[in-house]
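Could you put the whole structure together from the sequences, leaning on the hints where they help?
Protein chains in written order, with my numbering: chain W, 1 to 274; chain X, 1001 to 1274; chain Z, 2001 to 2274; chain L, 3001 to 3274.
Possibly wrong hints are sitting among the right ones.
[As the list claims (entries may be wrong)] Okay, derived cross-link-like pairs now, SDA-like style, lysine to any residue, Cα gap no bigger than 25 Å in a straight line:
id, chain 1, residue 1, chain 2, residue 2
1, W, Lys100, Z, Pro2056
2, Z, Lys2100, Z, Gly2229
3, W, Lys3, X, Ala1139
[Claimed, not checked] Footprint (simulated), chain X over chain W, 3 or more residues, beta carbon under 8 Å:
id, segment
4, 43–57
5, 112–118
Calculated from the structure, these hints are not laboratory results. Computed from a prediction, not measured in an experiment: that's the story for all the values here. We put the beta carbon where it would ideally sit given N, CA and C, even for glycine.
There are 4 protein chains.
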Amino acid sequence: MPKITVEWPAGQLDPRRVFDLEQPRIEGMPIHPSHRPGYLYALHRRHNDTYGQDGPRSSASGMIVCMEHSGTHIDALCHQAGDLTLFGDVPVDAATQTSKGFTQRGVEEIPPIVAPGVLLDMAGHLGADALEPGYAVTAAELQDCSTRQRVTVEAGDVVLVRTGNERHWGDTERYLAGSGMAADASRWVADRGVLAVGADNMAWDVIGPRDPELGCTLPGHLLLLARHGIYIIENLRLAELAAARQYRFLFICTPLKFVGATGSPVRPIAVVPE
Amino acid sequence: MPKITVEWPAGQLDPRRVFDLEQPRIEGMPIHPSHRPGYLYALHRRHNDTYGQDGPRSSASGMIVCMEHSGTHIDALCHQAGDLTLFGDVPVDAATQTSKGFTQRGVEEIPPIVAPGVLLDMAGHLGADALEPGYAVTAAELQDCSTRQRVTVEAGDVVLVRTGNERHWGDTERYLAGSGMAADASRWVADRGVLAVGADNMAWDVIGPRDPELGCTLPGHLLLLARHGIYIIENLRLAELAAARQYRFLFICTPLKFVGATGSPVRPIAVVPE
Amino acid sequence: MPKITVEWPAGQLDPRRVFDLEQPRIEGMPIHPSHRPGYLYALHRRHNDTYGQDGPRSSASGMIVCMEHSGTHIDALCHQAGDLTLFGDVPVDAATQTSKGFTQRGVEEIPPIVAPGVLLDMAGHLGADALEPGYAVTAAELQDCSTRQRVTVEAGDVVLVRTGNERHWGDTERYLAGSGMAADASRWVADRGVLAVGADNMAWDVIGPRDPELGCTLPGHLLLLARHGIYIIENLRLAELAAARQYRFLFICTPLKFVGATGSPVRPIAVVPE
Amino acid sequence: MPKITVEWPAGQLDPRRVFDLEQPRIEGMPIHPSHRPGYLYALHRRHNDTYGQDGPRSSASGMIVCMEHSGTHIDALCHQAGDLTLFGDVPVDAATQTSKGFTQRGVEEIPPIVAPGVLLDMAGHLGADALEPGYAVTAAELQDCSTRQRVTVEAGDVVLVRTGNERHWGDTERYLAGSGMAADASRWVADRGVLAVGADNMAWDVIGPRDPELGCTLPGHLLLLARHGIYIIENLRLAELAAARQYRFLFICTPLKFVGATGSPVRPIAVVPE
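Okay, structure coming up:
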């Protein structure tokens, strides 16, 4: 297994070693119905407004309105509860859940993530450009894929699963109808003690079906966030990493500390071996 | 000079090696008057709303309204113009400046920053908890400080200057009245070909005075962003890094790709040597 | 022609005499593409949050994000320019057009409207539930309709035209594809010196076609707002008024004084004779 | 007592008979701390952006972010609860209180208000430009004032009380520290069966003190909204009406139907007798 080394000041890092896993943020990008309208940006201060009043210099700036769960983002632990209990037996009550967010398990508690990352290219493994709508990836498939890729998922890893759904980013309806993880796939990563998971789809889980055992939809959200304290990263760009057959890398993701919020837009990167 | 190595899969990174340089984001944090009201977060979807409708699972989420230049953030090159020209001779006109932001030099053009970082602890160097309001740090002081700290600022570096202003984060009026860089300090870093600069104040520059030579306020904004294409990072937390006397580190900062925006909130980190 | 009298303190006004012309405001209501996402409301402060801390009393409140031109609204004169000139030869320049809105012709300049109103029920006149998509109502049709309804449009009137498009409010695509006024219909009302016009569609004008004479789309916007200083009210509910065959009424509309804004959501009412 | 008659089509209404009771909306206007930051408007679409693409015509528009309780506004009944019960024995629970607002007692349930209005000029009555900070107007004072003004408050009336606080609108701290109604003043208006009340201050009530009998602050909010179903209108402009000694008028106020919201910005007007 290759070692990934980032070393200074022995010269600059070759930018070809850095993969950008964030989707660009534009109005109209796919958004889960619960988080509509998702994202908007308005430029209101323009250079011409004040040009001439301060020598040659002028400024421009704008305003962002967004849901935490828009675009490429990470879910904080407070985003999900099981029987009104957050991870670590924190009850959902007036002390923890307020109009300005959560006083525990908010996104500001996520430390900067600088961890070993592994990509499981499930679309590649199953020989598909993108898995079919509603396709539920199983634990066995994750295991087989990791075996074929000769990678082992270990405690502390960040596991990214490529479903190929990313290619439908431009088509909200198709993107939302995409594939995802079965409940046992979430159990499989939880059993390995991973730090976080991510995928190139809206919800990690398949959207829609109810898991018969847990009795809820999006079972991975319950299992990972509420029961195991494992973060979920959604709407990742993974095609370039897969095309380069880079399955092991240094994964870096720094959620913004919106105090009390249930998630944060992020721009994760993968730094690959030389 | 120490080498900074981040290596995988040779075990987990000691979290004590990672310094978090972002201020937590809360309503009422200091904001430049041009960017009021800065930031707000409202939790509207609560766990109790749907609990019982989907087995044990429930969700919560909220909405963020913020200016790009709120809290710890990076300035995109389009944020500043010199004689209505952006860096690289890009004119400010209807083709480049639109209601949804800039079609060139937007924040989405900033690559993930993974670069050698250097801290110049100016407050420590001058023996102050925090530099006086309005104090303008000069090129000579930056040079002296780097000499005393035995660090050399080199091309491609990210240079962070600690003024001590961070300690006034809880007091908007005092924070905004803080110290910053003189125009020649910006020239000094530009001459060295740095990739980006940052400080623990609102504007890198001293806010207020007009530079006689350039004929404008905030001369560093004109020099760095518009003339040299050097990014500016503001409202950094640098006290912990200085207290640990960590002057050389791996600097990581991943601006969100808000397409067309003039900046992005960021959570930069410094990874220090073992 | 009946007189409309509102008289106090001679007893309460019969609520059946008041017609509410505003569409309810909900997320997902039809919006012109230029004004997406239109409208959202988030309740974040809830009664339970503080209940018990202040005796029996508790409060709840939320946040509104909206474009001025969402839902039932009025256009301010600054919304439209002809050759970069606002109504009354006001140039569009850095003095009049700022990041915080217009310094002249903003919506705050519209006085409270308490004026004689007239409804021209064009759908009824043409024997249709709703005019066909793209149908352009002509001046001749307005004239014929007013003749048949035995109403005369006079200076100072507010003229409301019912196209029947209101019935498609629940279907954004169909609603936007609706009917509207031809350029000469706008000229007809302008020639009569009306104070304001309104319709049960998104834009008064037909959306889409370019007027050959004026060389622009939405010719009524140019003619009425920029050239004649006549306000336009959009997305009205007119079906109830038409069903009651109330063609003459007291029209009341009080735009909010969002200083500098280009329009305002409104709730116009019609008070009909006893 | 004079009759107030508004009659059409007997000619235009003299604009001097219409008093505008709304404060202009600008960033930085006084706001209750619970509703910060209150209000902002950003113009992002400008005329120059598209000029030349559509003949002589061009458009401009912006975005509003506001709390329902910013500026001159009306409180919906769901804004306040007594022992977690809304007016009319509606319980505050998951069925009535949702992330998108209330399913009962929301602001959309307020009918257009066209009702007899009465102004009690308490500042004038007590011979003050403005009542002192914290001054609590009593029922006896309302009674005395109405007697002196020779007006009778009757069922269905909208009662506006002028405290003079309006003159401090430009000074948030002073404005918030202003005077208001004592609990028994709210009882006095409730006993008379009024439709709505309003004042030229932030909260009708005095902000701060706890009412010993009810055990809560802002007792009028509990009494009027939660117990009697009487709307409260805040931050009114009443000085012009008082200066004109117009104590009886036709009061018109049309809250926007933000479905589920706890209030609405409004522009109330008073139409006075000829």
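Verification of the supplied hints:
Of the supplied pair hints, the one linking W:Lys100 and Z:Pro2056 holds, its CA atoms being roughly 22 Å apart against a limit of 25 Å. Simply put, Z:Lys2100 and Z:Gly2229 have alpha-carbon atoms about 22 Å apart, close enough for the 25 Å limit, and the pair holds. Using a Cα cut-off of 25 Å, the hinted pair W:Lys3 and X:Ala1139 is violated, with the two alpha carbons roughly 41 Å apart. Taking a C-beta to C-beta cut-off of 8 Å, the segment 43–57 of chain W contributes 10 residues in contact with chain X, enough for the three needed, and the coverage statement holds.
Interface restraint, the segment 112–118 of chain W with chain X: holds (4 residues with C-beta to C-beta distance below 8 Å; minimum three).
Of the numbered hints listed earlier, the single one contradicted by the structure is hint 3.
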